[in-house]
Amino acid sequence: MSDERSVRLVVGLEVHVHMKTRTKLFCSCATSFGDPPNTHCCPVCLGMPGVLPVMNREAYRLGVMTAMALGCTINERTKWDRKHYYYPDLPKNYQISQYDRPLGEHGLLEIETPAGRKAVRILRVHLEEDAGKLNHAPGGEECSEVDLNRAGTPLLEIVSEPDITSVEEARAYCTSLRQLVTYLGVSEANMQMGHMRFEPNINLHVAEHGETFATPIVELKNLNSFRAVERSIAFEARRQLAEWDETHRTLKAAGKTTRGYNDDTGETFVQREKEEAHDYRYFPEPDLVVVTPEASWLEELQQTLPELPLAKKDRFVREFGLGEYDAGVLTATIEMARYFEAVAAASGSPKAAANWVTQGLAREMNERGVTAESEADFPVTASHLAELVRAVESGTINKQAGDKVLRAMIDTGRTAGEIIEAEGLAQTSDAGDLDRWIEEALAANPGPAADYRAGKKQALGRIMGHIMKASKGKANPRLVTERLEKKLSE
Amino acid sequence: MGIQRSEVEKVAKLSRIALRDDQVDLFAEQLSRILNYVDQLNQLDTADVEPLSHALPVANVFREDVPQASLTADAALGNAPARTAAGFKVPRVLDDGGSA
Chain A
1 MSDERSVRLV VGLEVHVHMK TRTKLFCSCA TSFGDPPNTH CCPVCLGMPG
51 VLPVMNREAY RLGVMTAMAL GCTINERTKW DRKHYYYPDL PKNYQISQYD
101 RPLGEHGLLE IETPAGRKAV RILRVHLEED AGKLNHAPGG EECSEVDLNR
151 AGTPLLEIVS EPDITSVEEA RAYCTSLRQL VTYLGVSEAN MQMGHMRFEP
201 NINLHVAEHG ETFATPIVEL KNLNSFRAVE RSIAFEARRQ LAEWDETHRT
251 LKAAGKTTRG YNDDTGETFV QREKEEAHDY RYFPEPDLVV VTPEASWLEE
301 LQQTLPELPL AKKDRFVREF GLGEYDAGVL TATIEMARYF EAVAAASGSP
351 KAAANWVTQG LAREMNERGV TAESEADFPV TASHLAELVR AVESGTINKQ
401 AGDKVLRAMI DTGRTAGEII EAEGLAQTSD AGDLDRWIEE ALAANPGPAA
451 DYRAGKKQAL GRIMGHIMKA SKGKANPRLV TERLEKKLSE
Chain B
491 MGIQRSEVEK VAKLSRIALR DDQVDLFAEQ LSRILNYVDQ LNQLDTADVE
541 PLSHALPVAN VFREDVPQAS LTADAALGNA PARTAAGFKV PRVLDDGGSA
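Here the protein sequences come in this chain order: A and B.
Every letter in the first sequence is one number past the one before it in our numbering, and letter 267, counting from 1, is 267.
Our numbering runs 490 ahead of the 1-based position in the second sequence.
If you're looking for bench data, these hints aren't it; they were derived computationally from the structure.
Ideal Cβ positions, reconstructed from N, Cα and C, are used throughout, including at glycine.
Heads up, a few of these hints could be off.
To be verified - To be clear about the criterion: a stretch of chain B counts as covered by chain A if any three or more of its residues have a C-beta under 8 Å from a C-beta of chain A, and this derived list gives those stretches:
1. 515 to 521
2. 550 to 556
3. 575 to 583
Said to hold, decoys possible - Dumping the calculated DSSO-like pairs for lysine-lysine here, alpha-carbon to alpha-carbon at most 27 Å:
4. Lys486(A) - Lys469(A)
5. Lys500(B) - Lys351(A)
6. Lys579(B) - Lys83(A)
7. Lys579(B) - Lys92(A)
8. Lys500(B) - Lys472(A)
9. Lys256(A) - Lys503(B)
10. Lys256(A) - Lys579(B)
11. Lys486(A) - Lys579(B)
12. Lys500(B) - Lys118(A)
13. Lys404(A) - Lys487(A)
14. Lys503(B) - Lys92(A)
15. Lys500(B) - Lys399(A)
16. Lys456(A) - Lys579(B)
Isolated chain B (complex conformation) (with noise of 0.2 Å):
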């Protein structure tokens, strides 16, 4: 099972990742051979296993719905890397309906 360069092009687009051109090889390699060595699972007959989407044998967890205190807005605020008076400061998004 080999990942093309082309994948790694769209997945690294599709997160918002720069990879420089050599990076793009590497990593169609390295991403090939961990599919490679999970493949192998494949060999197992897993017909009369349940599928299982989470790794505990846990379920049900539920908190109850009663509010607890939730930070300022300037503790909310503080890791941000620019900030209005009121909120988190972003680089001027345009309506999906712009003309742009």
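Extracted from the complex, chain A is given alone in its bound form (with noise of 0.2 Å):
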């Protein structure tokens, strides 16, 4: 028997996204973020007794989008359920969402890994609503203070398999998930809003002595950051060995139990088991009737969902040539994704095109701390841009001028053709100016001339330094190069 032994990390995520819509998921009180507490509340997701819920369109709208993008099963016929718990940031002392029939079930989420991708189990998406805040101690007096603002604000909840077996599976599975709910529009996914929540579900396969085992399965709560999922999993698995190596306890004989996480220590930390917190009582929920969305509307539906992170990044790399690293940057958002391909229909080379996002202007723009979360982010319009790219791929300007007129268009708001006109940038293609900056060139080196003719063929890089100096960068490299070369070759 060997004494080997391997351990293999074995995650499932939960992952809360708070959606976008203007109203609360079962009343017409309006969403917000940040506004005075206790102003965004009605008789409905105050819990008062005698009201009734009424479902919003939009937010089932978006959550079977979301489903249907994760390529779930939509169930033709989903309902309501009632799950009890008591704190105070409930005040319905339940909460409702769905239990038996969510509106989604088993799906896919491909991701990007170091190692290449991987289709990662969905295993449900359903809506539920969010509870209030608390507020501990306000002004240091012995007491909580509840704001309902957010009570009954519409949430996403997407449970994965547990197929996530390493960090960066995880981060890169968080961060998918972001990236797609972006592209739908379903959430803003603002991460210091807390727009998303996540809830690890931990534990390792340890197999030795030719046996494998499972060790209890830890339920982390509430992250808000890619970073505490990375390093609460990390530091999870590290202490689930230890535990395993002390106490042999399985996940038969232990269960699962729910830990916090400290990011300032990057612990996790065992917290009080609410008791029979599991037991939480769903039934239907009366208030609220059956949805069976018609097959025609889940067609029409579907028809809009837009073009996929992935298949966008497949796309630009198989249709414009870029390389996988530019394709995943230009992908990284919807906004980025639209823009370029603005820049490089109007441009018509889409690989200049993406050149010139990807350096030019990113480097501008991070100058800057722009960062493009809408379109009219960008410094300068996608049309703007693709005129200043059309100026240097026709060889008007030269590359350089080109970096200099994207800052000109960027801090003056003109176009790139009125620049050029303006700052006499166009590049000269004129025979007889070529050829006197050519002769004054190798007049003043002569060194790395007889170099050249040598067989030196980098010397030509002195010379050619000299031409673009003494004409102010307007010749035109591509014929300077080539009359250079004919006369050194005379």
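Using the hints, put the two chains back together into the complex; each one sits in its own frame.
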């Protein structure tokens, strides 16, 4: 028998996504962030007796859209259930959620990992309402304060199968999901605003002495950043292995527990188990009727699904001949992808457009601290950038002049054409001018000229540099090179 | 189908209802009677009956995603047994991660 052992990390993720609707899930109060407490509440979301919740059509549509994009089967009949627990942020003492008939089931999310692409199975997608917010010890008082503005706002819960086997995959899964919901317009997925919350279920499969043991599953609650997901899972993996070595307790013996995560220390800790917390006493919500989406409506919705991130990336590689990396950068957000495609189409040179967007423009945006969250955030419009791309591709100006023009475009709002004209940046292809600069350069650089003739081809660079300087960058480099090489081989 | 005392106690606890000892017996007996009554339905052959999750023959009731006026904060807090300047005041909730 071998003493070798192998340890496999097994992770499933529950992700809550805050949806981009104007109103709450079951009442017409506005969804809001950062408004004064309890100013977006009505009898329904306050849980007053005798009120009737009514389903938000848009929330349902966005939910189904997400489930579709994840390749889920959309249930022909979906319903709502009450999940009971007592906590001061839950005014009704139950949460309206979906139990046995979620709106979608059995899908896939394809993720990119350092080891290649991988499909993570999706168990279910369902809608539920969020709870309110608790402010502990406001103003130092010995009490807690409840703000119900968030109570009843729509959440989409997406649950994966335990297919994730590394910290890197967990991160890739979370970022892919974020990318997907922003592509779909389902959520702003703003991490700072808590639009995504992650709950990993983690255990280890330890193979030793010819047997495989599963360690007790730990569920981590309410992580709100990708970094927290990575660090907490890494910590749990180490902790569970140490615990296994010490106790040899298996999943069968110990079941599942809930732990919290401290982002300051990067460690997880035991949480007080709420007594019988898992007995939620689900039952069908009598105040809401079932939803039976029509096949024609589903068909229509399927047609409106945008091209999804990985499909878009693959198309950019295939159609435009872009590298994997650039295609990834250009599809990172749907705003970026749209912008790039507009520049590519208007310039007629997709590859050059890709370079300008990922390099020149990205650099300028970085320097100015601009991030593009909507098309309006790009410092120059797609058609203006396309004009610049055309000017460089056609040889009207060279690349260096192009960089200068781009800066001027951003600073002044003028078009490339206007700036080239005003600054006299257009390249010279006039043979007389070019020859004059070449003669001067050769006269000033007899050494490099001799080197070149002797076979040192890189000596050309010195001479070219002289010409570009003398011409203030206006000499058409392609023509200069041609004429210079010809001259030197005479 | 009988409901045991222990089940009544468990449900009462989950529901945050404090029962006296004699009430536990009373409800165990009453709940058993109710369940036995409903249990008669099991005598029927329901193989051909579609499951029902709602008593109304209605489906797909939606409202449009258009905001309406909410209550003022003062009105929202009007029925609260206790309030702070801006919110509902409740006994201090210990964080789940608290040491207590």
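Right, here's what the structure says about each hint:
Counting residues of the stretch 515 to 521 of chain B whose CB falls under 8 Å from any CB of chain A gives 0; the rule of at least 3 is not met. Taking a C-beta to C-beta cut-off of 8 Å, the stretch 550 to 556 of chain B contributes 7 residues in contact with chain A, enough for the three needed, and the coverage statement holds. As drawn, the stretch 575 to 583 of chain B meets chain A at 8 residues by the rule of a beta-carbon pair under 8 Å; at three or more, the given contact holds. The suggested pairing of Lys486(A) with Lys469(A) holds, with an alpha-carbon distance near 21 Å, which does not exceed 27 Å.
Proximity of Lys500(B) to Lys351(A) is assessed by CA-CA distance (about 68 Å); at most 27 Å being required, the pair is judged violated. Our distance criterion of 27 Å between C-alpha atoms is met by Lys579(B) and Lys83(A), whose separation comes to about 24 Å. Our distance criterion of 27 Å between C-alpha atoms is met by Lys579(B) and Lys92(A), whose separation comes to about 16 Å. For the proposed pair Lys500(B) and Lys472(A), the alpha carbon gap of about 87 Å is over 27 Å, so the pair is violated.
This hinted pair checks out: Lys256(A) and Lys503(B) have alpha carbons roughly 22 Å apart, not beyond 27 Å. Straight-line distance between C-alpha atoms of Lys256(A) and Lys579(B) comes to about 34 Å, which puts the hinted pair past the 27 Å bound. A threshold of 27 Å between alpha carbons decides the hint, and for Lys486(A) with Lys579(B) the separation of about 88 Å lies outside it, so the pair is violated. In summary, the hint linking Lys500(B) to Lys118(A) is not supported, as the alpha carbons are separated by about 45 Å, beyond the 27 Å threshold.
Between Lys404(A) and Lys487(A) the alpha-carbon distance is near 31 Å, which puts this suggested pair outside the 27 Å criterion. About 17 Å separates the Cα atoms of Lys503(B) and Lys92(A), which keeps this hinted pair within 27 Å; it holds. A distance of roughly 77 Å separates the Cα atoms of Lys500(B) and Lys399(A); the hinted pair therefore is violated under the 27 Å criterion. Taking the CA atoms of Lys456(A) and Lys579(B), the gap is near 84 Å; set against the 27 Å cutoff, the hint is violated.
Going down the numbered hints, you'll see the structure goes against 1, 5, 8, 10, 11, 12, 13, 15, 16, while the others check out.
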